[in-house]
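Take a look at the letters that make up each chain.
Protein chains: 4
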Amino acid sequence: MIIVMKPRSKQEDIKRLTDKVLEKGLEAHVVQGQELTIIGCIGDTSRIDLKQFELDLSVDRVMHVQEPYKLANRAFHPEDSCIDVSGVKVGRGHLALIAGPCSVESTEQVLEIAQAVKASGANMLRGGAFKPRTSPYAFQGMGVDGLKILSEVKAETGLPIVSELMSPEYLDLFNEKVDLIQIGARNMQNFDLLKHLGDINRPILLKRGLNATYEEWVMSAEYIMASGNENVILCERGIRTFESYTRNTLDLQCIPVMKKLTHLPVIIDPSHAGGKWWLVEPMAKASIAAGADGLMIEVHNDPSNALCDGAQSLKPDKYDELLKNIVEIAHVIEKKA
Amino acid sequence: MIIVMKPRSKQEDIKRLTDKVLEKGLEAHVVQGQELTIIGCIGDTSRIDLKQFELDLSVDRVMHVQEPYKLANRAFHPEDSCIDVSGVKVGRGHLALIAGPCSVESTEQVLEIAQAVKASGANMLRGGAFKPRTSPYAFQGMGVDGLKILSEVKAETGLPIVSELMSPEYLDLFNEKVDLIQIGARNMQNFDLLKHLGDINRPILLKRGLNATYEEWVMSAEYIMASGNENVILCERGIRTFESYTRNTLDLQCIPVMKKLTHLPVIIDPSHAGGKWWLVEPMAKASIAAGADGLMIEVHNDPSNALCDGAQSLKPDKYDELLKNIVEIAHVIEKKA
Amino acid sequence: MIIVMKPRSKQEDIKRLTDKVLEKGLEAHVVQGQELTIIGCIGDTSRIDLKQFELDLSVDRVMHVQEPYKLANRAFHPEDSCIDVSGVKVGRGHLALIAGPCSVESTEQVLEIAQAVKASGANMLRGGAFKPRTSPYAFQGMGVDGLKILSEVKAETGLPIVSELMSPEYLDLFNEKVDLIQIGARNMQNFDLLKHLGDINRPILLKRGLNATYEEWVMSAEYIMASGNENVILCERGIRTFESYTRNTLDLQCIPVMKKLTHLPVIIDPSHAGGKWWLVEPMAKASIAAGADGLMIEVHNDPSNALCDGAQSLKPDKYDELLKNIVEIAHVIEKKA
Amino acid sequence: MIIVMKPRSKQEDIKRLTDKVLEKGLEAHVVQGQELTIIGCIGDTSRIDLKQFELDLSVDRVMHVQEPYKLANRAFHPEDSCIDVSGVKVGRGHLALIAGPCSVESTEQVLEIAQAVKASGANMLRGGAFKPRTSPYAFQGMGVDGLKILSEVKAETGLPIVSELMSPEYLDLFNEKVDLIQIGARNMQNFDLLKHLGDINRPILLKRGLNATYEEWVMSAEYIMASGNENVILCERGIRTFESYTRNTLDLQCIPVMKKLTHLPVIIDPSHAGGKWWLVEPMAKASIAAGADGLMIEVHNDPSNALCDGAQSLKPDKYDELLKNIVEIAHVIEKKA
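Chains as they are written, first to last, in numbering that gives the first Met the number 0: chain Y, 0 to 336; chain H, 0 to 336; chain P, 0 to 336; chain E, 0 to 336.
No wet-lab data here; the hints were simulated from the structure.
All values derive from a computational prediction rather than experimental measurement.
Mixed in with the good hints there might be a few duds.
Put simply, identical chains are the same to the list, so a pair is met inside one copy or across any two.
[What the hints assert, rightly or not] Once the Cα atoms are required to be at most 25 Å apart in a straight line, the calculated DSS-like pairs of lysine-lysine come out as:
id, residue 1, residue 2
1, 317, 259
2, 275, 23
3, 194, 275
4, 88, 259
5, 317, 5
Start from the sequences and build out the full structure, keeping to the hints where you can.
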């Protein structure tokens, strides 16, 4: 932590600040310069609200130095993590290829899609049973029945299931039936929900919030890990910006950044990012070329009649074509698809 | 709903789209022009995923026309709503003047602050018992004990309590002890939590999400109202933008906008918006001048030792000064303080 | 400048960095701590590209400490500046009340509006002769003829003129005919244009860029002042955010912030901010309550037939009403209107 | 253009609006529905300020339908454009591989870098002679001498030159010496500068503004083309968002989007986007995988001593490695490198 004093601070001001730093159990090192004086503070600053020091009239600003996360921090875990999702490995060279409909609508629908994507090379099936809808009047998902359908299709195809959990109320049910539990963008900072995830042993797919900074995203992963569940996979799905032509702006720089800051796998959801099916293919290729550990793509056999997000879904034949390209690019980048 | 066809669409394309519109139970009115053709669709489009139509290769884009909210919509409730919070009125000319510490730390602390702000003219006391912290290692609040303290201070001072609810787990406890239940910015789209609010009879203070559009904010209010609780007060606390000098950007345009779209009261939290105590006074005055129905301001008797957000808190004497100015400005704008 | 070393840096790395700092003519003060080491660098860092130090593999990051501006900096000019615009004072308690049409369309139009706003209390007349239009096909303004009309109306009414300069080509003409030369949002970082402003002696109205940070805005003022023209008035006109219901988001926090960082007057343009006429009144009041040094408002006698921006213009009678309120609020805040 | 009337509009209101539409020379088609009435307006709306209609008290909002650009519009030029830059083709399968230092510092520096990048496969040399600096005190570039150096190096290596033009004052000089004239992000809406580009016959590299929407970017291209110069290449360099860890957020979705809206080539500058050299490689690969028509990358032989932007520059050996990967990926995507 570094305190920057205002120009022309008096000795008494510097002393007062220095005493305050010492009171907090930190060391204080004063560096007096031409126009400014700084006080370097060494020690455990994790529980100190740095901004308090800013209240002193002689302080110009306070700068935080240490990263506030440990469990997710690559500095303490230099190797890439590899997460096992019911036998499917993600990370450290292994790609997650997750595909399926936005919503579970019926057994026939999910089964048909699952068989198609499996044949194309997908290794996990996604499907929403509980849907986060901006409007209370929109289709909210099939709920528990939706999970039943996913289980049946898993039994049929062998594909592990990825589905979004929206409430601690269904924690046990998800722990039983869902292989990779998704926490949606709008719940990335639902700290109450995150803390509960320590109680279960399924891996978690943590979506980045619509406007979460990289640091906030890591801290949410840290919440889950600190609660006792260290199996976290990060998923970027686009961030909100001023541009409204696309649903969100896909931030692929997050791949190298998050891989520098953390050891967790990073996958991309290009379907929700662009919001238009014709953006999925180029963005999926770009993601793999950038080093992503996988893709989660919405696939529907009849998008124009999908109960939600049909406009961004790929038809099975297009998904099939895409995976062939993905395999080629992955080969150039040396990932196992 | 309006479908815009691509340039030089053929008759067969227009027919195909028109048939699809009719299938959905809507009327279709084709308007053919020089370079473009549009199809006006009349009927109940609330459950239709408009973007599906965009999938048709002949469609350029689809425009949503009807507002998706009813209960919150001023078009259906032209009069300003006035919400009663245990005897304190908010809206329709009555100002909510909520003040108190960010966190409940001890009975002495809360009592001292409560007595001071009450003497200054505050009509409600805020205090956080359950704190949303970005880091799992930061102080999470006193929890249930914190609520106890707030109740004691309420008994002493008569001030109704405002406190943030973060989990459905504590719904009954809050329903019993808290007069105005706050839903925090990060939970504005925690739909699971919102739906539960229909089970209780306390008024709700709905904070705008860090990057919620006006429409999303209204829809979250609609969720609460559709669940059975129509007593909602909106609270703007700054939105996230590219500017990092301030914690958030306070968007005062939301006051006239939300009052045009809805009939609900709109109050402002200038403390969390700027994140610096010296921004509170000018922004509080600006809020009242712009027509806000109230202010929620963090006040602490010893900000440099506050357990959280001390840097944005006002000392009681500054709060006292501020309220005097507020009263004058409110007088000019004709609100009752 | 502060260099933060990566965790567990070796002595040889610290020495290498320290040597590099000394080479640049700075002093280096090493502060070694539990988990991190920082090097405080004292001296003139204004011409050093700080990010170069980040290239060293042992460096985690480099933090800039000194503010990069001097002439605009309040630290060096503690008193509020008062800018004289052909006899009209702006700042240090004096309000600029600028009104007029978005575009100059005809002598009759400008004269009628000028007489009306003058009667209401406006002390300067705005009018665009050269218009920045996003489309090359839209009305670009009357150009030189437009300036002629403004001069005639000035002769008639005595109101000083505010008009936007878009090219150095017209510098001399503007220097002659325009009292307060406006630099538009899209030209805030047209450094070539800014440098030319040092050649003239008219005060400059510097609009904030659509996405300019406070610091960039100050630096653009610094460009103008460093070129030799110290008469700069700042004008906020809304920033671009994710919200699309309003044209821009009006950031009133800029008033206390810019008045803390600089000594220059700060005025507000609520017309371009909201883009809707019914947002102007509440935002104008809020601006004055927040301490703004003035307002620039678009007024048109026949908005529905205006050649541009009619939707955000006030009719003269509404402007008249507004100014009465402004005077009252200014009285509360102690500004001279 | 579509006018949406407010709920429960009266016949007289509809008539008044309809008359107004007819006055503007458009056709008016009224579609009356359950809760809303819309008026479809057909005709040339390019010079009409749509928002005027919003002023009528019965109008809820007005929606723009026709795209406001023609020359850049793919609808009118279905084939990809291929721009010839002094013999180097860009677009329609041909990749621009532009590399060089941020600033021209000396003949030795530029020559060494040019020879290295040419050997690696670059087909154009970039170098800044006139630098846009946020601070008036920072190095502004070598100016005319910088252009001389670039010409010498071009004579030596045969590489066409890319350099940024900041003022119409140097138009003729650039037309003579520079092969591909760059318009910087901060000048994307410097309409005065754009209009001048019609007077020359060099191709233009138009950088996207820090917060330009796709539409604004196209309109700036339209400005240049409408002025008489149709040789425009688009360049994305990252947009400004809430994230501050990276300098900008690279928006690769712009590649498929701009290729849908326009027929112009789209290249990527991953150096300015991320602002950190270690982001360049993954983002360059991602760009090519996404279908970009080229890359512009900063390369410096001694980044830690570069006069600007050293932190984001690649060393020649890293650039060499990168181009090998680019060639492989381009092969998968079928572009000619």
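Exercise for review: Please flag the earlier hints that this structure goes against, numbers listed from lowest up.
Suggested key: 3
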